[in-house]
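Whole structure, please, built from the sequences with the hints as guidance.
For the sequence shown, my numbering assigns the number 101 to the last residue and increments by one with no breaks.
Hints in this document: simulated from the structure, not taken from any laboratory.
It is possible that some hints are incorrect.
Unchecked claim - Think about it this way: if two alpha-carbon atoms lie no more than 30 Å apart in a straight line, the pair counts; the simulated DSS-like pairs of lysine-lysine are:
no.: 1; residue 1: 37; residue 2: 55
no.: 2; residue 1: 92; residue 2: 61
no.: 3; residue 1: 98; residue 2: 61
What the hints assert, rightly or not - Computed beta-carbon distance windows for the label pairs:
no.: 4; residue 1: 19; residue 2: 91; range: 35 to 41 Å
no.: 5; residue 1: 23; residue 2: 67; range: 17 to 23 Å
no.: 6; residue 1: 23; residue 2: 82; range: 37 to 43 Å
no.: 7; residue 1: 34; residue 2: 94; range: 21 to 27 Å
Ideal Cβ positions, reconstructed from N, Cα and C, are used throughout, including at glycine.
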Amino acid sequence: GVAGSVLDDAFMTTRYNNPTFGVEDLARVGERMHDDKVPGQAFEEFVQLYVETLKDISTTKENPGRMFEGLFFPGEELDLTIFDEEEERLSKIEEERKKVI
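In C-alpha cells, the structure reads:
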C-alpha cells in the first residue's frame, strides 16, 4: 500500500497549494467557486476519488492486477520477484528514516 505519510503530504500540498481545494473551497457564500457545495466539500470529494483510484490501481503479490499481468504474454508465468524487491527497498528506507528521527 501507500504509506500514510505520502498521503498526508499529497493531501496537504493539494489543500494549501491548489486554490480550488484551499481558499476557494473554504470561501464564504457568494465568494465560492461552487456555490452548490458546503465549505470543504470539494476537497473531501477529491480525497475520496484519490483514495478510490489508488485502491483500483494498487497491485500486490497476491493480486497483481490486470495492468501488471499485461506486462507478460498470455500463458507466461508472472514474475512476482519485483514485489519482494520493493518490500526490501521500503524496509531499508523505513530503517533509514527511523535513524534520522
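Results of checking the hints against the structure:
no.: 1; hint: 37 / 55; verdict: 26 Å, holds
no.: 2; hint: 92 / 61; verdict: 19 Å, holds
no.: 3; hint: 98 / 61; verdict: 26 Å, holds
no.: 4; hint: 19 / 91: 35 to 41 Å; verdict: 39 Å, holds
no.: 5; hint: 23 / 67: 17 to 23 Å; verdict: 36 Å, violated
no.: 6; hint: 23 / 82: 37 to 43 Å; verdict: 42 Å, holds
no.: 7; hint: 34 / 94: 21 to 27 Å; verdict: 40 Å, violated
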